[in-house]
Amino acid sequence: MTEEIISRIIGECRKFATNEIRKTCLDADFSPDADWVFGIWKKSCQLDLPFLAIPENFCGGGCTPLDCAFILDLLAGECAGIASVYAHHFTACIPLLMAEDEHQNRFFTKLTDKNALPKIAAVIFPPESGDSSLQWIKKNGCVIINGTSRITGSIDLADGFILFLAETGDSEKTQCVWVDRSAKGVTTGEPLQLPGLKINAFGPVLFNDVTITNDNIIADGQTAEKMLKAARSVFYGFTAALAVGAARRAFEKAMDYAEERYQFGKQIIRHQEIQRMLGNMHMKLTAGSAAYRQAFEDQKSKLPFLATDAVPAKIFCTDAAMEIVMDAIQIHGGYGYMHEYGIEKIMRDVKILQLLGGTNSFLAVSHIADKI
Amino acid sequence: MTPSDIKFGLFADAPDLLSTLPALGKLNKHCPAYIKSAENAQVIARRFARNEMLPKVLEIDEKCTKDPRYFDWDLWKKANDIKLNISPIPEKMGGLGWNALANAVLVEELSSVCLASASNITFNTFGLLGAMVECRTGIVLKIIADMVDAQKKGEPLFWSWAITEPSAGTDMEHGRAMATMRPSTHAQKAPGGYIINGTKCFITNGSLAHYVIANICFDISAPKESMATFLIPTDTKGFSVGTVERKCGQKASQTAEIIFKDVFVPEENLWEPPGRGLRHTREILSITRGFIGVAGLGLARGALAQAINFAAHKKMGTHRLIDEEWVRFIIADIVKEIMIVRHACYNFAIALDTYHVWRMFEELPIKTSLKILPQNFLLSKSLQKLAQTKILDSAGTFYKNKLVSEETVEAFVKHGSAVKVAGTDLAVKVANRVADIVGLEGMSRKHGIEKYFRDAKITQIYEGTNQANRLDLLENEIIPLL
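Protein chains in written order, with this note's numbering: chain H, 4 to 375; chain L, 65 to 546.
Simulated from the structure, these hints should not be mistaken for laboratory data. Where hints are given, some of them may not hold.
Capping the alpha-carbon separation at 20 Å, the derived lysine-lysine pairs in PhoX-like fashion look like this [as the list claims (entries may be wrong)]:
| # | chain 1 | residue 1 | chain 2 | residue 2 |
| --- | --- | --- | --- | --- |
| 1 | L | 288 | H | 269 |
| 2 | H | 201 | L | 288 |
| 3 | H | 256 | H | 26 |
From chain H, some residues computed to sit far from chain L (all C-beta separations above 12 Å) [claimed, not checked]:
| # | residue |
| --- | --- |
| 4 | 6 |
| 5 | 10 |
| 6 | 36 |
| 7 | 48 |
| 8 | 103 |
| 9 | 106 |
| 10 | 175 |
| 11 | 191 |
| 12 | 212 |
| 13 | 219 |
| 14 | 226 |
| 15 | 256 |
| 16 | 293 |
| 17 | 362 |
| 18 | 373 |
Yeah, the Cβ is synthetic: ideal placement off N, Cα and C, and Gly gets one too.
Can you build the whole structure from these sequences, using the hints too?
Here is the structure:
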């Protein structure tokens, strides 16, 4: 896809985000409503937004993960909560991009079926540490699953999940399967009541003798392990992009407010301390944008995206985003703390982005430990 | 929130002041009664925080999310029953007679569970604090008697301190900023009193207050020179409450817009004349900023206690989350910072007792009066009337100004600002770092840790932004040397 087409798509998405998300996302944050999210999702189908990560030969947008990250960055500028639903969905497409033709055909056709209701997918990773609380056995070519999955997003929206089953230290046993939300024995657990990304329900998925038939087993062994690494890495990259997008919005709001507000007889943007804060925010934004781009850069032109190590980008971007948002609130004074100004929501959203896929301190430790 | 079985902070056996702040040992040797009273306060405050607040605060937070005007009277009444909301009033007059050190203990313990509920209980002393600035004997005695009477009846008597104007918060607390601001609220002279018009915003308890102590200028083009302090009963015609804000956190504490439309205030309710309003604010700040630092410290300690509780019970395969080395290092670092800030906070509280208004209770004339006069007389209308005579009324002001000089006030603005920045920055830092330990699951509402995170941020903004506090610190400590 040419850069021209990509920038046109980005332009359209920006318009969509401003028109459809900006006005209503604060209300949605206050009273989270799956119907609202689904309404946005349906409208975004007119732009082919949910299909961007799917190859063109399956009627998708054929965007690279980096292109998808750009889109997520700008969606998160309006609402990181709804952007995170797209992030989960795009991530679910990654293992499929690496799957056999027959699986691609089956699942991409399912996801892009424009006659049916639009489909939303999500990914369930194995726990980053410790053993999975899911038990599974292989029987007659099927996989039978029991137990409680680790926490994932979109649990009340997803029509299906890409589920990874893995055992610590034995990559031969890794499985990548598709689970229909409506399959027998699949239920969702109590959603967590998180302070941020509130419109995206996070929680575990419960499995009670769920049988995954052979045609829903996408890969196993080393192939599944590669898919897992790629999907995880892309998800870290996407999380980084979401954080940068959310923080950019906070920065813009702080810049605007600093020009409006007068103190000591001049606009506060004319005070050096405010300039220092805004300068540091700008620096972190620039570095954050570069960090997540870099994480995808090597694979920009080819699909599928293979495991580039995106953990440092995730840590840097989400931590930088939190610092940016905190300072943006500080510049707004008391107004920054009030719901109607929309900045405190960004702080709550970014807090959850810091914790997605493992907390930042944990990831800093484990991504080095994994290399030993 | 669930109680922790790990005996840290709120869950440790009280009193632990001497073991956690060993430097107090020296004081304990020379003034055992002083330390004993603080230890007593710790036992009472910790018990109240643990038994009454802890089981309720999440439920209150949720109710306030739905309705920002919800106020939990049940918790407030329980605090009122044991006089926590009138703690600084002398024991003889019906209060608890707690000094600054004991009140710091109270704020730390209550804030370690919920800063918003803590402020509902402890900020009620604003009325007394406001009156103590001018210290007119008649007014001080009347306010004490009213507060004690309300406490006995179990009825609320709320005071609000109305400083912030729309788009001007910190401006109202700093001389140079005030000189250049353009306030919306203003007063004008009328026969027998003053007429007030305008709007104040972000006023803590503005929607519940019976009295508002407000800083309002006479000339909006010269706010600093014309700023005065008024006592305004909220049942006065023309006073109304606007929006009660929906906030990120500290939801149990109401933050309201208050509107004055031709509000008439009688002559005697002018507490500070034009030009003295800023001085009034500075004196209150010289005490309250330090206590906000203590509140931040309490919040940090509470967030850490809950995170330790979570990490000690969260299984990671064969071990617990708290057994991870990286978790232990984060916790150690937080413990270190809490220790350092806590020493600064208590150092400030002891200094308040030594040099600021609290010292008055230790001075011979007041000490003796409190000792020999019967309680009924101390709280009587006849004493109030007597004290309102010109000589006695101004004697209080004269005496207090002699004990607490302008220099003392500015020195405490300096020290208080340092403690405020240290305590509130700590609150935000710790609330963030514990999230990094407990992760998504630990940040689910039921553990209460996410509430600390939401509550913390405003502490860096109210009572003067931490930037304004830094300015005050610099302008009192370094600038005079240049």
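Cross-check of the supplied hints:
For the proposed pair residue 288 of chain L and residue 269 of chain H, the alpha carbon gap of about 17 Å is at most 20 Å, so the pair holds. Among the hinted pairs, residue 201 of chain H with residue 288 of chain L is inconsistent with the structure: their alpha-carbon atoms are about 45 Å apart, more than 20 Å. Distance check on the hinted pair: residue 256 of chain H and residue 26 of chain H sit about 15 Å apart at the alpha-carbon level, within 20 Å; holds. Listed as outside the interface, residue 6 of chain H is consistent with that label: its C-beta sits roughly 36 Å from the nearest C-beta of chain L, beyond the 12 Å cut-off.
With 12 Å as the threshold on Cβ separation, the claim that residue 10 of chain H sits away from chain L holds: the shortest Cβ distance comes to roughly 35 Å. No Cβ of chain L comes within 12 Å of the Cβ of residue 36 of chain H; the nearest lies about 15 Å off, and the non-interface call holds. Residue-level check passed: residue 48 of chain H sits 29 Å from the nearest beta carbon of chain L, beyond 12 Å. Annotated as non-interface, residue 103 of chain H keeps its C-beta farther than 12 Å from every C-beta of chain L; the closest such distance is 33 Å.
Non-interface call for residue 106 of chain H relative to chain L: holds, since the shortest CB-CB distance, roughly 30 Å, exceeds 12 Å. No Cβ of chain L comes within 12 Å of the Cβ of residue 175 of chain H; the nearest lies about 20 Å off, and the non-interface call holds. No Cβ of chain L comes within 12 Å of the Cβ of residue 191 of chain H; the nearest lies about 15 Å off, and the non-interface call holds. Every Cβ of chain L is farther than 12 Å from the Cβ of residue 212 of chain H; the closest lies at roughly 25 Å, confirming the non-interface assignment.
Here residue 219 of chain H stays apart from chain L, with its beta-carbon at least about 27 Å from theirs, past the 12 Å limit. Annotated as non-interface, residue 226 of chain H keeps its C-beta farther than 12 Å from every C-beta of chain L; the closest such distance is 26 Å. A cut-off of 12 Å between C-beta atoms confirms that residue 256 of chain H is not in contact with chain L; the least separation is 15 Å. At roughly 24 Å, the least C-beta separation between residue 293 of chain H and chain L is larger than 12 Å, which holds for a residue marked as non-interface.
The Cβ of residue 362 of chain H does not lie farther than 12 Å from every Cβ of chain L; its closest approach is about 5 Å, which violates its non-interface assignment. Listed as a non-interface residue, residue 373 of chain H keeps its Cβ farther than 12 Å from every Cβ of chain L; the least gap is roughly 14 Å.
Violated hints, listed in ascending order, are 2 and 17; each of the other numbered hints is respected by the structure.
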